[in-house]
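Modelling step: build the complete structure from the supplied sequences, incorporating the hints.
2 protein chains.
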Amino acid sequence: MAKNEHMTAARSAALEELSSLLGERLSTAVAMRSQHAQDPTWNPVLPPDAVAFAESEAEVAAIMGICARHGLPVIPFGTGTSLEGHISAPQGGVCIDTSRMNAIVAVNPEDMDCRVQPGVTRRQLNSHLRDTGLFFPIDPGADASIGGMAATRASGTNAVRYGTMADNVRAMRVVLPSGEIIRTARRARKSAAGYDLTRLFIGSEGTLGVTTELTLKLHGIPETIMAGICAFASVEAACNTVIETIQLGLPVARIELLDDATIATVNAYSHLGLEERPTLFVEFHGSPAHVREQVENFTALAQAHGGTLGEWATREEERNRIWRARHDAFWAAKAAFPGMEAMTTDVCVPISRLAECVTLTRKDLAGHGLSGPIVGHVGDGNFHVILFARPDDEAQKAKIAAFSERLVARALSMDGTCTGEHGIGMGKMKYMRKEHGPAVDVMRAIKAAIDPQGIMNPGKLIPSR
Amino acid sequence: MAKNEHMTAARSAALEELSSLLGERLSTAVAMRSQHAQDPTWNPVLPPDAVAFAESEAEVAAIMGICARHGLPVIPFGTGTSLEGHISAPQGGVCIDTSRMNAIVAVNPEDMDCRVQPGVTRRQLNSHLRDTGLFFPIDPGADASIGGMAATRASGTNAVRYGTMADNVRAMRVVLPSGEIIRTARRARKSAAGYDLTRLFIGSEGTLGVTTELTLKLHGIPETIMAGICAFASVEAACNTVIETIQLGLPVARIELLDDATIATVNAYSHLGLEERPTLFVEFHGSPAHVREQVENFTALAQAHGGTLGEWATREEERNRIWRARHDAFWAAKAAFPGMEAMTTDVCVPISRLAECVTLTRKDLAGHGLSGPIVGHVGDGNFHVILFARPDDEAQKAKIAAFSERLVARALSMDGTCTGEHGIGMGKMKYMRKEHGPAVDVMRAIKAAIDPQGIMNPGKLIPSR
Chain A
1 MAKNEHMTAA
11 RSAALEELSS
21 LLGERLSTAV
31 AMRSQHAQDP
41 TWNPVLPPDA
51 VAFAESEAEV
61 AAIMGICARH
71 GLPVIPFGTG
81 TSLEGHISAP
91 QGGVCIDTSR
101 MNAIVAVNPE
111 DMDCRVQPGV
121 TRRQLNSHLR
131 DTGLFFPIDP
141 GADASIGGMA
151 ATRASGTNAV
161 RYGTMADNVR
171 AMRVVLPSGE
181 IIRTARRARK
191 SAAGYDLTRL
201 FIGSEGTLGV
211 TTELTLKLHG
221 IPETIMAGIC
231 AFASVEAACN
241 TVIETIQLGL
251 PVARIELLDD
261 ATIATVNAYS
271 HLGLEERPTL
281 FVEFHGSPAH
291 VREQVENFTA
301 LAQAHGGTLG
311 EWATREEERN
321 RIWRARHDAF
331 WAAKAAFPGM
341 EAMTTDVCVP
351 ISRLAECVTL
361 TRKDLAGHGL
371 SGPIVGHVGD
381 GNFHVILFAR
391 PDDEAQKAKI
401 AAFSERLVAR
411 ALSMDGTCTG
421 EHGIGMGKMK
431 YMRKEHGPAV
441 DVMRAIKAAI
451 DPQGIMNPGK
461 LIPSR
Chain B
1 MAKNEHMTAA
11 RSAALEELSS
21 LLGERLSTAV
31 AMRSQHAQDP
41 TWNPVLPPDA
51 VAFAESEAEV
61 AAIMGICARH
71 GLPVIPFGTG
81 TSLEGHISAP
91 QGGVCIDTSR
101 MNAIVAVNPE
111 DMDCRVQPGV
121 TRRQLNSHLR
131 DTGLFFPIDP
141 GADASIGGMA
151 ATRASGTNAV
161 RYGTMADNVR
171 AMRVVLPSGE
181 IIRTARRARK
191 SAAGYDLTRL
201 FIGSEGTLGV
211 TTELTLKLHG
221 IPETIMAGIC
231 AFASVEAACN
241 TVIETIQLGL
251 PVARIELLDD
261 ATIATVNAYS
271 HLGLEERPTL
281 FVEFHGSPAH
291 VREQVENFTA
301 LAQAHGGTLG
311 EWATREEERN
321 RIWRARHDAF
331 WAAKAAFPGM
341 EAMTTDVCVP
351 ISRLAECVTL
361 TRKDLAGHGL
371 SGPIVGHVGD
381 GNFHVILFAR
391 PDDEAQKAKI
401 AAFSERLVAR
411 ALSMDGTCTG
421 EHGIGMGKMK
431 YMRKEHGPAV
441 DVMRAIKAAI
451 DPQGIMNPGK
461 LIPSR
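Taken in order, these protein sequences are the chains called A and B.
Read in order, the letters of the first sequence are residues 1 to 465 in this note's numbering.
Read in order, the letters of the second sequence are residues 1 to 465 in this note's numbering.
Derived from the structure by calculation, the hints contain no laboratory data.
Every residue, glycine too, gets a C-beta built ideally from N, C-alpha and C.
Computed cross-link-like contacts, DSS-like style, restricted to lysine-lysine with a CA-CA straight-line distance of at most 30 angstroms:
no., chain 1, residue 1, chain 2, residue 2
1, B, K430, B, K334
2, B, K430, A, K217
3, B, K217, A, K434
A few chain A positions that, by computed beta-carbon distances, are all more than 10 angstroms from chain B:
no., residue
4, S27
5, A29
6, M32
7, Q38
8, G65
9, Q124
10, D260
11, N267
12, A304
13, K334
14, R390
15, R410
16, Q453
Written as structure tokens, this is what we have:
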């Protein structure tokens with residue numbers, strides 16, 4: 001048989017075995033496959049050959065075993081909210097949808113941790129935790145699955161205070177490409193026993209195995225939360241306020257920049273009625289006295305940079321209104337460009353370079369006749385630009401691609417990274433060598449050591465030589 | 001040639017090449033070799049064939065290139081304060097002493113980070129930083145090198161608030177066993193660009209490469225620091241106070257348990273005059289108002305468990321006296337057992353199991369006629385037992401080895417780890433399989449992928465099959 005025929009035969013054999021294992025929970029229907037090949041951006045996403053709805057770790061291991069035996073690719077799937085084509089199946093294969101593995105296995109309030117299956121979403125977890133006085137802080141905006149958030153090393157608005165997924169997962173259970181099941185660590189708060197496999201799997205984008213359980217760190221729900229909105233005359237003034245807030249060591253829980261273009265779209269979408277100026281959305285957590293102290297310190301800093309603060313929101317519904325509007329910034333931008341497709345980018349620079357990077361990026365946009373809202377988790381030096389094109393406007397898409405390349409080059413020249421939180425997927429593989437140099441070959445060697453057949457989410461993260 | 005002769009010839013050829021490269025900075029003197037084969041415990045430590053004093057990254061790469069070509073082991077060396085035989089040379093080879101690579105390359109106050117060579121020690125760094133208002137919090141007690149602290153994933157007293165080395169290194173430069181030089185990450189505060197190589201190298205105990213530079217996170221020196229000493233009627237009462245402190249979310253900067261046996265030795269050594277009861281040493285960092293609030297909350301908690309608090313120390317010299325005494329606990333114990341050798345162990349359990357684990361361990365000691373001070377970073381669930389034997393008392397050493405095995409088994413049965421901070425080295429390899437199961441094979445595969453010849457610090461961390 002020619003190679004292609006051989007592949008086709010192997011594929012059929014594998015799908016037949018999977019079908020006997022899973023019955024109706026294996027779907028090869030076009031609609032189902034295409035539903036698992038959506039991306040909120042115009043990144044091309046190819047459908048898998050089949051979608052398998054796993055219901056247990058043992059089942060994931062069995063699916064993996066079958067796929068490994070036949071050399072079929074495996075693509076783990078959470079909620080499909082990733083932004084760089086992470087769920088695409090460029091070589092076909094089986095998409096393992098973990099959404100039915102959504103049990104909260106255990107909550108240990110005394111250790112401030114919990115064990116969850118990968119399909120649990122962050123909102124589901126936080127609703128479940130409400131009565132314990134604890135919460136899980138990582139908040140990438142979308143109601144993503146915890147497994148997907150670990151796979152992409154998600155962060156979002158609370159990361160400036162609570163860290164990213166890399167800081168909030170104690171241990172994982174993983175089905176390896178061999179079908180073997182490992183646990184990456186124990187439940188202790190720290191360990192010096194061997195290589196940090198937990199942190200290796202976090203951010204590995206499904207290229208090393210399928211996560212089947214996660215032990216997460218939880219945090220106490222703060223006694224007092226105050227959120228505020230502060231408008232500035234310029235992006236520089238807003239960024240400089242952020243830089244000083246971090247340098248002063250103010251334990252700000254959230255500090256988000258929305259530039260004037262973003263405020264315009266957010267006003268229209270969420271009826272906020274804010275002045276169309278570069279604006280910071282901020283939030284402080286702690287005891288009443290400590291939050292009051294933080295708010296006073298922040299107010300002094302912001303005013304020194306000409307910031308105008310509105311009233312502070314303390315009640316939950318007021319705060320939710322602010323953060324709902326912030327999280328809807330992407331959809332607000334989409335609504336402002338009707339009939340267009342979106343591309344959202346993401347870079348992260350050392351905070352000392354933030355004002356410069358954002359300012360140069362705005363000039364770049366203006367200089368190339370592009371308009372794109374800028375919004376970001378600026379306490380980490382991380383920001384997004386959201387850009388639009390008509391579906392058939394290849395010239396505009398090319399222009400935006402060229403802008404993205406310049407944006408990444410700018411971030412790298414400032415010792416930043418090509419992505420603070422969206423990840424590499426397929427969209428940013430071309431920057432890996434520029435960012436990491438020969439360290440890419442170390443990643444490739446690790447990948448080959450754990451997945452010698454190359455069946456785990458192939459075509460992602462590690463560029464071909 | 002027989003294999004041994006071949007090895008000997010290769011060794012001579014390598015040493016000759018190294019000698020032309022380094023001149024007097026390559027030493028094969030017995031005294032120098034033996035000076036690089038000391039361990040504060042009775043773990044057997046074998047000397048290397050030679051000690052190479054590298055002065056630059058390029059030189060480390062050249063040394064590595066020569067050793068790789070001749071298949072000679074390479075053992076990275078910082079200050080030699082590790083406790084599990086990490087620096088032993090069981091297969092001979094070249095010890096690369098990095099103590100002369102001790103430049104502080106750059107301090108970036110605006111980004112709260114700095115770049116240092118691996119031979120910089122933590123005290124050297126903090127003296128250097130004093131005028132910037134910043135400090136590096138990781139404090140394992142010994143004035144260890146930053147390179148060694150990263151290699152062993154060190155933590156210590158401040159980890160409960162500031163995290164471990166895994167949380168405080170942004171990026172590293174590493175010479176790989178191939179002689180190639182990589183940088184593990186950029187200087188941005190976060191990144192989702194590929195596998196987390198920084199965290200893979202942290203805690204890898206020199207088995208994957210030689211660190212030649214580290215980018216560290218720094219923290220603001222707190223405006224106010226208050227330290228206190230609180231005595232309890234029982235270890236349980238002290239542990240329960242710790243558990244509640246953590247659960248209440250009090251941002252305690254240090255919370256250390258010294259059991260009554262430790263207090264006795266510390267009193268004798270550091271002239272503290274404390275009551276011989278289980279005692280917590282605590283410290284709070286922050287603004288004056290916030291520290292006052294934390295101290296009040298802690299006092300209420302401690303008193304509810306029958307704790308007796310002395311006066312709070314605010315002045316630097318008073319605080320230093322407390323922490324000096326705490327750090328000298330190992331030497332205080334050594335002084336209490338004159339003429340004896342020491343063995344210090346280290347386990348870490350989920351904090352909910354801490355009181356139980358410490359209590360059972362004290363019963364175990366008493367039941368086997370052993371006496372050993374217990375001291376620990378209890379806010380992390382991490383504690384040490386220090387044990388003594390006369391150099392020639394093999395029966396006592398065997399008894400202590402059996403105790404250590406029971407201690408580790410107890411910690412593992414509580415979902416804890418065989419080491420919270422000392423690391424695996426040679427001393428704890430036998431527990432790796434028990435703790436990690438098949439995940440050990442993943443570590444072995446990674447090791448083989450990065451160091452196919454197995455020349456980097458061989459015989460450590462990963463047990464033979």
